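Fit chain to chain and form the complex, with the hints in mind.
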Amino acid sequence: MALKLSLAELYRIAHSKMFYISLSVCFFLVLIINVFEVDFILFSRLEHPPVINLNAGAYRIYYSLGTAVNYLFMLLPFHILVYCRDFSNKVILNHIAGGIKRKSYFLSKLITINLLNSTIYLLSILISLAVCLLLFGSGLEEMASVYIVRLIITLIIHSMLISTLNSVYLALAVIIQNSVAWVSVYIFSIIISGSFFIAAEIYANKGVIVRMFPQYWFLASVNNQFFKARDYAEFLVVMLIYNLIAITLGLVVFNKKDIKG
Amino acid sequence: MMILECKNVIKNYGKNRAVDNVSLKIEKGEIYGLIGVNGAGKSTLLKMVLGIVSLDEGSIRFGDEIIDNRVRAGAMIEANSFYNDQDAFHNLKYFQMIYGEKNDQKIKEVLELVGLSDAGKKRFSNFSLGMRQRLGIALALLYDSSFIILDEPLNGLDPLGIADMRELIVSLQKEKDVTFLISSHNLPELSQVATRFGIMHKGRLLKEVTDKDLKSICQNGQMILTDRDDLNEIRKMAEDVLVVNNKMILTETCDRKRLYKMLEEKGIGILGTEAYELSLEDYFRIIIKRER
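First to last, the protein sequences are chains A and B.
Residue numbers for the first sequence follow the numbering used here, so the first one is 0 and each next one is one higher.
Residue numbers for the second sequence follow the numbering used here, so the first one is 944 and each next one is one higher.
Next comes chain B alone, as it looks inside the complex (with noise of 0.2 Å):
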């Protein structure tokens, strides 16, 4: 069952274009990991997604109701959108209290779920970042949305809060089926979530990838030890080739022919291949060097 559905979508922010032609669906159950570099359209994707953006061309549709008639999800969009003088409860009384509802249990159930229920009196302009992350996750889960989305919800975690963080966002798909779309920089944990990832740079979706297939191409890896300590000129030249050092990695449909000649061609000896899992970071590396 379809959950969101991304056709032809364009942003343009005067000569600049943000988001360049994106399509993708979503289907319920997913937990879609969206990863890129810095003003990869992200974000800017994301906030079109909920209505804060608008779009320039292409359309958005959730299940079957396009955007104007959105039905709501809860998002995360931006840690620090709180009142700076209300308390993690009052804060989220607020929002409920918009949607008519009164249920302060809930509130204390959903601050208890993403460990704040300690924080009592504590205004939101003393929260830590962490603590705003939490709250913002809070009011994700406060609609009982089955659909969440989330931008950079790690950033400014500790270790455990990022584990516990990791939890929370599989127990809720396990459990709830809730579906989530996530974009973060933080890729070794999020590759530990997703169940599919999408690779944005300069706007474009280059390339979508299921937790499956990214597991099979990082397990086919491979490295290449030479003999030189600087292949500078490698790494310019070939562009689905991560080099570190003296070593190669590349993927399984890497070009390997035209690699051995433009070795030969250097006079790079190889001393040596070996299996190599690839890691997620090391996959996104070589997807963005191959469009660079």
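Next up, chain A with everything else stripped away, as it sits in the complex (with noise of 0.2 Å):
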């Protein structure tokens, strides 16, 4: 069931226009970011012999990148669109009457949100190393193996904190049951989740996840390349649990609590 309503839901966002402005936005908001990023390195290096090759701009890419905070401001209007509006115009309550089990609905909810966010964001990246190579016009032999390394482990990374992200977000939603609240919270917890985070860090030396969450993600949001290997892995471990938690919190929380409307 849960599939079938995924599908249900690719249909009617492909029948959007909401889908196609904000993806439009987005993408646009991207290549601006990037273009005037790529075109920073350019005027900054004049005096110097300028660096101007896809290295540069591939590395600048992972670096504005960085920055998974700006991301999250982009994706938002898809969270509207997949579930939120759910809420606002209480389209909920004619899943639930028509017989849709609230797990099913969750879990839909949750595979369409990622699948549609991690295509988004994987497209503005790929639209970003387009726009570089027309930019510097070099071929891929020039770029650094470093960065492309760099480059994957960032978008694996992201992926990971987007679709926990995701998780935490649609709970929200579910628990709140209201669109503006909602988008105020996410609103708001986007705003402050770095320097929630930086303050968190300093008292975290309790417990292992405690201390990981805060720590990596002010890490990967900043500047993540002085990660090892193993800070990769663990970080990728405490947001699987992160995820899981999410989702069984949500999950939970929706099953018990009654539809407004």
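Honestly, the hints are just simulated from the structure, not real lab data.
Computed from a predicted structure; not experimentally measured.
Every residue gets a Cβ at the ideal spot worked out from N, C-alpha and C, and that includes glycine.
Every clue listed holds true.
Under 7 Å between C-beta atoms, here's a sample of chain A residues computed to sit facing chain B:
1) Lys3
2) Leu4
3) Ala7
4) Tyr10
5) Arg11
6) His14
7) Ser15
8) Lys16
9) Met17
10) Val90
11) Asn93
12) Ile95
13) Ala96
So, in structure tokens, the structure goes:
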């Protein structure tokens, strides 16, 4: 049932104007950010022999992606599109009244939002790479292998991060059941997350999971080039644990909660 | 054959009891009309039946299955429960896809049946309230359910739309043996389609009556003309009498002896009595008044 519901969701999203508008805005922003960043390198290095090649471009992309927070802002419309409007438009009443189990509903939304956000994220990276190729016109052979590895690792880390946040925000949505309140929480959490995690890090000596999450979020968000392979693995495991906790919590609360309407 | 059974159902919202120990049974082929004032608990009861709201106590059974394994019932619980940026067809298509069905013809038929075949590409956000209601009904019909639950299906419909809806409900019941559970404020309309009525007030199911019994009760009503224009005292004292200006409307079960004694004590003269056919609304008001 969850898969069928996900397919139906994708069908609905494909017929939604809001999706294409959000997608265009998202990609436009990605392009603007990257083009400006590339320009910045170009101009900042004019006094010295410029490094105008794909290597520098790839490095900039990898570096700009370091701030995952930017992406969370860009992905906001897709959260609204996939599940938030179910509560504002009360469509969820039709789902539940139609006999769809809450577990299936939750899982289908989770599948859809992960599929959508991961695709958009990866597409935006590809677009950025394409822009770099166009701007610098160099062949792939010029890209230093270290940056490719870092880029791939960043992609994996961010995908896991986005997936975990998708679970957290979906769990929040089914608990709050109010789209306006949810959007407020979303934006607020993005804004304060940096400070929160830094603050949390100061007190983070009591437990491995508590300690690791803020630490790695902060590192991954700001600068992940100092990571070691073991750190990446630990980060992914911690993210997975957080992901599972959010899914379980969301499912348990949603199963017991009345639907507002 | 039993389609739905609610047994001692209770729902509390904080300290407020929204549904108070309600028990009812709906048999196959019935059109059960749930009536009551705002806040009587009708919608909460329907939402509990549909699994939208949880039960605090009691049980709800669909046929032989308890609610957790409930069979799919067609339902229109809230007219605005669709995606605003989709047209009628795509909204229904979405719900059809959830159940793994692919039958565009069926969607077109259902839209035709509820009079939305001309809606075309118009988005749901641009629908009138009547159109929204119709789409809600269309969704209920889309599932080919043998049991359809409708919460205020006549809200926002124009007189023609109401007549169409009435005909649709009756034809589905007669031709396809569909069972209905309908809550509505529109008592005159509901009285034309329902085969049984449940009167709810303050969360309790006060009375259940079949259309035949109701007809008999209503036909045997009586009107008493008095010599007073102001019968406020009687209105307050006689709980099973409806007072309209200088007239009193009562059912056959009314304690006449007590009423006449009351009139005598107050010095109110009777100008005459005549047979009066009560409407469902009159009957409903009397039942509610008794409870107050």
